[in-house]
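*Asks:* Place chain B on chain A using the hints.
Going down the list, the sequences are from chains A and B.
Going left to right, the first sequence walks through residues 92 to 337 as the numbering used here numbers them.
Going left to right, the second sequence walks through residues 92 to 337 as the numbering used here numbers them.
Among the hints, erroneous ones may be present.
With beta-carbon atoms standing in for the labels, derived distance ranges [stated by the list, open to error]:
1. A:T128 to B:S123: 31 to 41 Å
2. A:A268 to B:K212: 38 to 48 Å
3. B:T277 to A:Q294: 54 to 64 Å
4. A:T128 to B:Q93: 34 to 44 Å
5. A:P208 to B:G316: 36 to 46 Å
6. A:P147 to B:G198: 19 to 29 Å
7. B:D326 to A:R275: 27 to 37 Å
8. B:P208 to A:A268: 43 to 53 Å
9. B:L100 to A:D199: 55 to 65 Å
10. A:D326 to B:R253: 25 to 35 Å
11. A:D199 to B:S123: 52 to 62 Å
12. B:R337 to A:R275: 34 to 44 Å
13. B:S123 to A:D101: 27 to 37 Å
Calculated from the structure, these hints are not laboratory results.
Glycine residues also receive a C-beta, built at the ideal position from the N, C-alpha and C atoms.
There are 2 protein chains.
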Amino acid sequence: MQFTAEQRLDDGVLEREFVLGEIPGVLWTPASASAATPVPLILLGIPPLGLRRMYPRLAARARHAAADGFAAATIELPGSGDRPRWPAVEQARADLRRAMEAGEPVGDEIIDPLVLPLVEKAVPEWQTVLDALLSLPEIGGPVGYSGGVISIGIRLAVVEPRIAAAALFAGSLVPAAIVEEARRVTIPLHVLLQWDDEGNDRQAALDLFDAFGSKEKTLNANMGGHTGVPQSAGDAAAGFFARHLR
Amino acid sequence: MQFTAEQRLDDGVLEREFVLGEIPGVLWTPASASAATPVPLILLGIPPLGLRRMYPRLAARARHAAADGFAAATIELPGSGDRPRWPAVEQARADLRRAMEAGEPVGDEIIDPLVLPLVEKAVPEWQTVLDALLSLPEIGGPVGYSGGVISIGIRLAVVEPRIAAAALFAGSLVPAAIVEEARRVTIPLHVLLQWDDEGNDRQAALDLFDAFGSKEKTLNANMGGHTGVPQSAGDAAAGFFARHLR
Numbered sequence: 092m093q094f095t096a097e098q099r100l101d102d103g104v105l106e107r108e109f110v111l112g113e114i115p116g117v118l119w120t121p122a123s124a125s126a127a128t129p130v131p132l133i134l135l136g137i138p139p140l141g142l143r144r145m146y147p148r149l150a151a152r153a154r155h156a157a158a159d160g161f162a163a164a165t166i167e168l169p170g171s172g173d174r175p176r177w178p179a180v181e182q183a184r185a186d187l188r189r190a191m192e193a194g195e196p197v198g199d200e201i202i203d204p205l206v207l208p209l210v211e212k213a214v215p216e217w218q219t220v221l222d223a224l225l226s227l228p229e230i231g232g233p234v235g236y237s238g239g240v241i242s243i244g245i246r247l248a249v250v251e252p253r254i255a256a257a258a259l260f261a262g263s264l265v266p267a268a269i270v271e272e273a274r275r276v277t278i279p280l281h282v283l284l285q286w287d288d289e290g291n292d293r294q295a296a297l298d299l300f301d302a303f304g305s306k307e308k309t310l311n312a313n314m315g316g317h318t319g320v321p322q323s324a325g326d327a328a329a330g331f332f333a334r335h336l337r
Numbered sequence: 092m093q094f095t096a097e098q099r100l101d102d103g104v105l106e107r108e109f110v111l112g113e114i115p116g117v118l119w120t121p122a123s124a125s126a127a128t129p130v131p132l133i134l135l136g137i138p139p140l141g142l143r144r145m146y147p148r149l150a151a152r153a154r155h156a157a158a159d160g161f162a163a164a165t166i167e168l169p170g171s172g173d174r175p176r177w178p179a180v181e182q183a184r185a186d187l188r189r190a191m192e193a194g195e196p197v198g199d200e201i202i203d204p205l206v207l208p209l210v211e212k213a214v215p216e217w218q219t220v221l222d223a224l225l226s227l228p229e230i231g232g233p234v235g236y237s238g239g240v241i242s243i244g245i246r247l248a249v250v251e252p253r254i255a256a257a258a259l260f261a262g263s264l265v266p267a268a269i270v271e272e273a274r275r276v277t278i279p280l281h282v283l284l285q286w287d288d289e290g291n292d293r294q295a296a297l298d299l300f301d302a303f304g305s306k307e308k309t310l311n312a313n314m315g316g317h318t319g320v321p322q323s324a325g326d327a328a329a330g331f332f333a334r335h336l337r
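Just chain A, same shape as in the assembly:
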């Protein structure tokens, strides 16, 4: 893991850009983090819109996490932002857009080729990055996962025992195979649902919440569309991590 840039933000948070192999990312650590007092870590998942575009929201979440005493890190998804283009996934995304614009049902034949390759590639990348992050003396554990593509969060929660708790954004574009995997998730979950999310089917999201195998899971549903998540919902997710990562 090579740090390529760093700056100290006004609240004392150290923001470092890094590259690990071909994976670019950003790490935020609170001023209090040191080898003597290593801090828990929250992995910030992002949608496939590119790290640069998502930076303001990610940085705000990371600073909130740092104020609670947690480090936070994010990585660019394969095929997103400045990473090499991924024609197969771009094709699948174009198929999705076409179906949605035509008002056609979005079935497995569109969702699977869009989401499954991303899960297959992104989850091992997160695990490699997690190895590197946990080798830093100022990062301890436990580790939480927050947001981003929900299918990636589900697979990570199943295969990566170092993830202790996850806050996921309910989406309906989840392959049937991943819904099945959700039954094997056992860690505490905090699931955010936007009740009038224009891109997601509410009933599918509720069914997915029901499918999770975790004994401890909370659904936090709020009015509004995909980008209308209220401040209180962000605070609730932060409270969830404060309970589970301390």
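*Replies:* For chain B alone, kept in the frame of chain A given last:
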């Protein structure tokens, strides 16, 4: 309003039993409450199990509210606890029990005679008590309503403009007429749902949440049965009132 007993709890909270006409109740005020610094008020709804039986849970909620700087008050429902028996409602309750034990569907013919008379009588009682409470110099506003029989909370939210925000416990034993009233609720709502509530139909509860007319409403759903509400859900409701009553 006559105070019939009072005690100062170990956290400085003043607990006073009162009677207003034929309505018994309890008022809790934080040590900080005075004519110079009147405090907001949370009305604590209770199920028809009797104030005495519910006291430990009510007192815990009241002390939590007091720690946040709020007064809290509850009243015995008509026909409950030490109040005169109400044969019609007892008959309706027996009908409900019989239907549930027989595994029969619980329809409007059972729900309406059980719930509607209670709403008709309890809501004006709450309003009378609210008049008296707000005339106390140490109680100011705004006023929140929390818990109890959800149909009473819905009617109060519709007819009582002094209620500024409500935290309701989702139940499915809601008359169709009250679901229609829910569409006219416009105040901020925080709705608690126990995902595996043995006494409630989950889909009916979700439909009721959907029906509320409020632009600002949050569904907080957690695993477990009717009495298994986790501590974090209580904290979330407290956070809701802290945002809306300060």
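*Asks:* Taking each numbered hint in turn, which are not upheld by the structure, reported in ascending numerical order?
*Replies:* 2, 3, 4, 6
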